[in-house]
Each structure stands twice: as structure tokens, then as C-alpha cells.
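**Q** Here is how the chains run, residue by residue.
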Amino acid sequence: MSNQSSLLSLLIYLISAALFLPSLFGCTTKIAETPKQDTVLQSKTDAEKTATEAQDALTRSIYRVRDPGPFKLVTVKSLDPNSKTTDECWQARGEAGKFGGTLTVSIFGRDPKTYNYWDHQDAESAGLGLLMFDRLVEIDPWTGKMNPRMAKSVTVEKDKKTFTVKLRRGLKWSDGHALNADDVEFTFATIIKRGFGNSSMRDTLTVYGQFPEVKKIDDLTIQFVTPRPFAPFVSMLTNAPIAPKHVLEPITKRPMEEFHAFWSINCDPKTLVVSGPFKVGRYVPGQRIELERNANYSMVDKNGARLPYLSKFVIAVVPDQNTQILKFYGKELDFLDIRTVRGFDAALMKQRESTGDFTMFNLGPNDGTQFLMFNMNRRKDPKTNKYYVKPIKQEWFNDRNFRLAVSHAISRKRLVDNILRGVGLPLYTAESPASLYFNKALKPYPQDLNYSRALLQKSGFVLKDDVLYDRNGNRVEFSLTTNAGNSGRDATCIMIVNDLKQLGMKVYYQPIDFNIMIDKTAHSCDWEAVMMALTGDKVEPYNGANIWKADGRLHMFDQRLPDKNGTVRAPDARDWEKEIEECFNKAGTTFDEKLRHRYFDRYQEIVYEQQPLIYLYCLLDISAANNRIGNYRPTPLGITYTPRGSFHNIEEIYIKKAVQN
Amino acid sequence: MSPAVYIFKRFLQAIPLLLIISVLIFTLLKLSPVDPLAHLKANPSISQAAIKAEEERLGLNKPAPVQYGIWLRNLMQGDLGISTSGSSVSTLLVNRAGNTLLLSLLTLFFTWLIAVPAGVYAAVHRGKWVDKFFGLVTAVGMSMPTFLLALLLLMLALATGALPIGGLTSPDFFEKNVFQQILDVAHHLIIPVAVLTFVNLAHIQRQMRANLLDVYRAEYVRTARAKGLPENVVIYRHALRNAINPLITMMGFEFSYLLSGAALTETVLAYPGLGRLTLEAVLTKDINLVMASLMLGSVMLIAGNLLADVLLKFADPRITLE
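Protein chains in written order, with my numbering: chain A, 1 to 661; chain B, 662 to 983.
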């Protein structure tokens, strides 16, 4: 879910844009005058035309770089001079670069909270952890398949329940300690299974209520056995970096709370022991985190030299996106990651591209989805014995025709053109077009008010003097909410209110604080319509199971709350809710790619037909890199949490000295 | 009453006051319907169990009076508690307080250095073009929001490339020698100090000018002039000493802003100060952190007032400490 941005940053943005780039004046007024879009669109200033052209060019050109094929395993001289064997290393796939140099990137908002990846709750700590700790497998940024990383190979045995992982020879922690199967066994059997730190990792790896068995076979071999066949298992391993047993084991023998404090952001970074390409060297609170090269990292370049190339990786902590962009223009930052460059920034930045000595990369649609939903809850609050949603409104919100009518009345194209400045795509499905499982058969549809009116008529709604009444004569009116301070969502809601006005619906739009909105959707169930967004997963749709299973924690359109014992039941699940759940259960247990596609296609089809969430649009991922960065080859699938972000090949990123330093 | 006894009495009076303030802040925080764990709850990949565990760890599942009791008990033992980020509140405050103090003290220094002479000069040369010029400058300073000025200066920094865009130190700060480090920090401080000085300057200069003009009309000034004293002595010996009292009181109030007054400027300029930390803490309802920094603000206010009262005693012997 996207971060809340305060009203302050909106103000700052508007002012900076107005002062700095006068061409935006046109854009802001255009959003404000949403009802009469078409007339406004006709009169364009020259500056606006350039902006539109730039934005068109950007949308057309999704950046593609050719798949370099699988990694090659090479043997190199061991780090240990006394060793008789060689080390096995993966060979990076880019061009040979230069050693040395500092890369400065940034995160916005708050500082990361911990170096302890196994305890992280926030995206910043996750992105930082991914620079310091390697995983057994990684997603191939080109194909989406699972590449072994620390592992040499991962094999699924015939029973479909046993996974054998072979580690590479010669892996070392940054302190020189050998990294072997003991560390892997410790990570899964102790840290994750016993629930140290953030227990979410345990939950994602749990299959049908049981954690897989972990068994060390020999120093370099580990076996996982899941209770039942579970297809996403290998991809779940990408979320679980291996922990250093020789450092963390003493902590796990102490009370569990101490694990939270271990390797917190204020610890001495000298105590860190890492397996990834970089290690934190210094933390300057509120300003930046400086990472140093890990000389023991086990990947090599084309010439067999140990990576990473960079000697320093600096993460500046900046309050908001606008300051990030200013610092990037001022060359204080080398790079802007995807969540910094928003739609309305992109068109303006594009105009500075050639003079600013940087390149923008359009990485295609984001995995997140923006949607509108109605509260379809039909139950009573056990405490007050009152309905969560008024019975009159329950009937509307549970009427499929009503939801379809709303969906067909919204002009998604106009949302994309005006709010995202064209840097986005209209969305009709539960998976973003970026997903490997995106159902292409589900066709987009344009705004069609007549069709909407016909649907409403079918359900007995009557339009009298431009006011819509249901069949019992109740006026159709409801409140719509989104989180305050997010200018894009705010403008979206205003446009939706206007679109629905044409059907005769009276929508009261009322932005509220993000935290309050979440409390309403997740706990009090006291809401009627909400516009919000959820992050998705381009590779594994199963990660959305929390949203789609009828008893899921984020089944927001009909949230079922836990009873006194903490269990959630869904005896009143609708047939199509059950079918979606079945799709997820089946897709979770089969390894047959064709079948998985069929199940995930079907789930998207049901959502498309039933519209429990009315999808609106998805954003494009855009990054910007100074031209002095070498080997930056981002792909849509190679994106994770900032600061690692779109640097899927961070180990071979280098600084071209030739370009002005 | 001797100053020492007076200070001790005021100190005792402050204790119940601080207790009442803390209860008020705590109640207000608890009444606001903000959920500190909302971001976790909105993340599909975080489980119910993880959220439960986090609630327990932060003590959010206990009734509010119990939470306040725990907070107070910890405070007595000198423990300000744990922030939602997991690190101790006192470490966070200490990390940032130094930066803010540096910024505030420099601002205070430059403000007074410029404002007091400027106020005196404007009063002495009332109605001349210098006075009108200061009038214009202070009007702008009073009406312009700090963040707007900060942004304008950032634009200037970007356009000229002469000044850094926000922050307090350069990425290569720790590779420099001490002298270069001082220069680096000074370079980064130019914009924030300029912004805050410009804005604070306005009201102190106006106040100084108005006070001095008031005193100018007093009889003893006329007497002094009638005695044939030189104008300089009249102004600096007789008029200024009497005009400075309200400014000392003002300084007492400004003391309380030292640690918390620059939140907006700090946010816009990416300055790693206490104000920005507090603002972020309020937005995410980080109770321990908000409590600690608001209490710190209250203590500073009380201490500032006390300081001003004692200073007044020294500046003006007619005042007695009661």
C-alpha cells in the first residue's frame, strides 16, 4: 500500500512546481476543473503541448533490455589462501566495469528501523536488508523463473513435497566465517519456524498449517519437506535471507524480546555480519546510511574478479519525493527509484533529460492496483446488534448490477490522462498487466453511461429528475472515502463523484486520515465506499490470498472479524467467493504451470464479472539514473523494495569515470 | 528573596504543572482515532499474528490509564520508553537534539545580532528611508511562511549550484579533516539559518523599535536631553536599558522554541532535527516519542520563563523576585 503523504508535501509540491516549472500551472488547473475535461483539453498552451509530447514518448517506450540468458557457474581461486579447493561463484551477466566509486541513492520518509532483516516491518529496512543478506534463490529479472543464488541448484523431488537445495562451495560471511548448511538450517528451523522477529515469514512459508521440515543432509545440502505439494514454496524462499548462525544463535537462546533489539538501527555497524554485496559502515540519523563493499561476496564479473564494483553505496534519507528530485537535479543523488518519480513528475522530468545528463527508464505497469470498493458486509455487529451497513444500502452494494453500473460509469481513460498525466494504464482486472498471470482475455471497456443506466433499470432503480431512487423509493446516496493528503487519490475521487452524478447517485466525498481509513476497513467495518490501493506481486499471485480468501485478513469488501478465540469464520461466503478461494487453494498446490494459469485466470474472471473491487488504474514504474551509472539494466520483474529497488544486479553496477565526476 | 530560593520555589511549582501537561497530552493522543499499526495492517504480506505480537510489544492492548501509569513509572526511572521504530526514545532525542540546538542557537545569535541594532537604528531614524526599508523587510518576514522561503532558497541553491540542497553534511563528510568538516556543516547551515533568522528577525526588530519609541517619549529621556547629555548616552544609557525588558521576556519564550520551533523548515530542508522527528512521530502516533518531545518542549518553556524572570531582575533592579 502506498505511503501516506502529508498535506504539507502536497503544498510544497504545488508551490515548487508553480515556481519552478511554470508549465505545470496548466496541469493543476486542469485537475481542478474535472467536470469539463473535454473543453479544457482543447485549449493547450505551448508548454503543455511539449509536456504532453514528452509524456506520450515516455508511455510508448517501455524500456526493454535483452535477456542475457542464465547465470554461469564459474570456479575461482578461494578467498582462503590455504584452501585446496576452488570457490563456486555465479558470473554476473553485464559488461565488465570499473572498481571503485560511490553511488548515492535515497529513500523518502522515515529512516529504516533495523538492520535485522528477520525482524523488519517496514519497506526501508527490507530494501536495506536485501543489500546485505543474500537469499537461497532469486527471481530472474527477465523470465520470472527462480534462479539459485546462494544455492547451486534447487530440485523438486518426484513426490512434489521434497525440495533439495545444494549450496555453492566456498561461501563466506563478511567476517570470514564459512557459510554452509548449518546457517540455512538455523535460519529456517530456529529463526523463522520459532517465530523470532517478524513472524510473517513463518506464515508465508506455512503450508496448510504446518511449517515445512528442514533437514541438513551434509555441509552443502539441505532438504525441505512440505506437508503437501505447495507450488509457491520455491518463490517464497526469495523472501527469506539466510542468517549467520554463529552470530545470532546466542541471541535466540535468550528471551524472544531481545531479538527485536538485536542489530537495531542504533547498534554499532561493526557488529554486522553479512552475506550480501554491501554492509552498513555508518549510520548518520536523519541524513544517510553509508554502506561499504563486502570483499567476501561470492559473485564475479566477466573477468573473474570478485564483485561488487562499487566501494560505497550511500542512501540519503530525504523527507519527500520533491526534495529527492531537487537533489537529483543538483547531482547530489545519482538515482531516483520508482516510487519517487510519479506520473506528474515524469513528463516534466523528461524535458530536462538531455540537459540534465540523466536517463529515464519506463519499466512498465506497477504491480499495485488502485480500486474503488463498496462495503458488502451483510452481518450485524455482535456488540451493538446493529447492522454494520444499513440494510437499504446493503441491498445496493450486494447487487451485482449496481457495482457493474458504477464500473461502467467511470471514465478510466480520463483518470489516467488527467491524474497520472498519461503515465499509467486503465485497469479492469485484479492482477496488474505487469503480472505474469495477467488474464489477457478480459477486455477493457469504455465509459458507457447508457449501459450503466440499463443495468440499474434492470435492478429496479428509477431515475427521476436526475436523481436515482431504488425500487423502494430510497434515494441512492452514499459516502466515499480515501486517505487525505494523497493528491492523486483525492482527484480520482472527485472525478468519480462527478461520473456517478450523471447516473443520479449522490456521493458524499470525504477524505480521512490513512490510519483511520484502515481502522474502518479492517476493524470497525463502518464505511460505505472506499478508494484505495494494494500492492501486488508480479510473479506470484498467491501472495494476494490474504485479500481473496473469505476469511482473509484483508478481505476488505466483506471483512469477517475474528471471534473471541481469534478464529475467523465465513459461513455466509457467497458462491463466487468460495470459487475464488478454491482457485487459490488449487493454484497453490499444483506445479503445473498451465493449470496454475487456468486457476488464476478464473479468479480474475470472477472478479471481473462480480466487481467486488472496481479496479481503476495502475501506475507506471519509472526510474531515473545519472548517465555515469554503468550496467544499470532494470527490468519490470527485477524490482523490489527501495533502496535495492530496481538494482537487481547491484553487484555489477559501476561508475563510469569517463563521464564528468 | 534571594534568587536561589526563588529558583527552587519555581522549580517545585513546575512539577505539578508538568504532570498536568503530561496527562493532557496523553489523553489527547489516546483520544485521536489514529492507529499506530495501520501501515502494517494494510500490508497483505503481514499476518494477524505478527500484528498481535507488535501490539503486545508496544503495550497497545492495555487500557489507557495503565499505559499512562507505565509511562510515568518509566519516566521516574529515567527511561523514556521505546519508539514504535524499536529504538529507545532517549537515543533518538539525543541524536537529533544536538542538530536542532546548533541550528536554533545560531539562529538566535544572528537574529539578535541583527534585530536589536536594526530596531534601535530604525527607532532613532524614524521615518527615514532606512526605517521604511526595515519596515518593508520585516513585513515580508512576518507574512511569509517559513517553508515557502526555504523552498525559494532551495530553488536558488539548485539554480546556482553554490549551496547544497538540504541536509547537514555531505556524503564524504567523514573522509574530511576537522577543518573541512566545520566548513561543510557551515555550508549546509547557510540556508536553514538564513530562513529562520529572516523570519524571527521581523518581530524582534519591530518590538525593539516600538519599545524604544515608547521610551523616547518618556519624561526622563527629555530630562536627560535637557541636562545636555550627548545623544548617544541618552539612547544607550537611559532609553535602551528601559526598552529592553519586554525583549528579555520574549527571549524566555524563544528559549522554548529552541528545540521544537523549526519543524517545518527542518522538513523542507531535509534537516535532521528534532522538529522533523516530532512531526513524523505525531503523524504515526508514536506515543512515547511524542510524549517525550512535547514534555521536553514544556520543560524548555518553563525553564525559559524562569531564566527570563531572573535576567529581568539583573537588567532592572526595580523588579523584585516574589
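Rather than coming from a laboratory, the hints here were simulated on the basis of the structure. Predicted model, so just to flag it, every value in this text is computed and none were measured. A couple of the hints might just be wrong.
[Unchecked claim] Some chain B residues close to chain A (C-beta under 7 Å, calculated; not the full set):
hint: 1; residue: Ala711
hint: 2; residue: Gly828
hint: 3; residue: Leu829
[To be verified] Away from chain B, derived, C-beta distances all over 12 Å, residues of chain A:
hint: 4; residue: Asp111
hint: 5; residue: Cys267
hint: 6; residue: Glu290
hint: 7; residue: Asp320
Note that CB positions come from ideal geometry on N, CA and C, so glycine has one too.
**Q** Taking the numbered hints from earlier one at a time, note which ones the structure violates and give those numbers from smallest to largest.
**A** The structure conflicts with hints 4, 5, 6 and 7, although it agrees with all the remaining ones.
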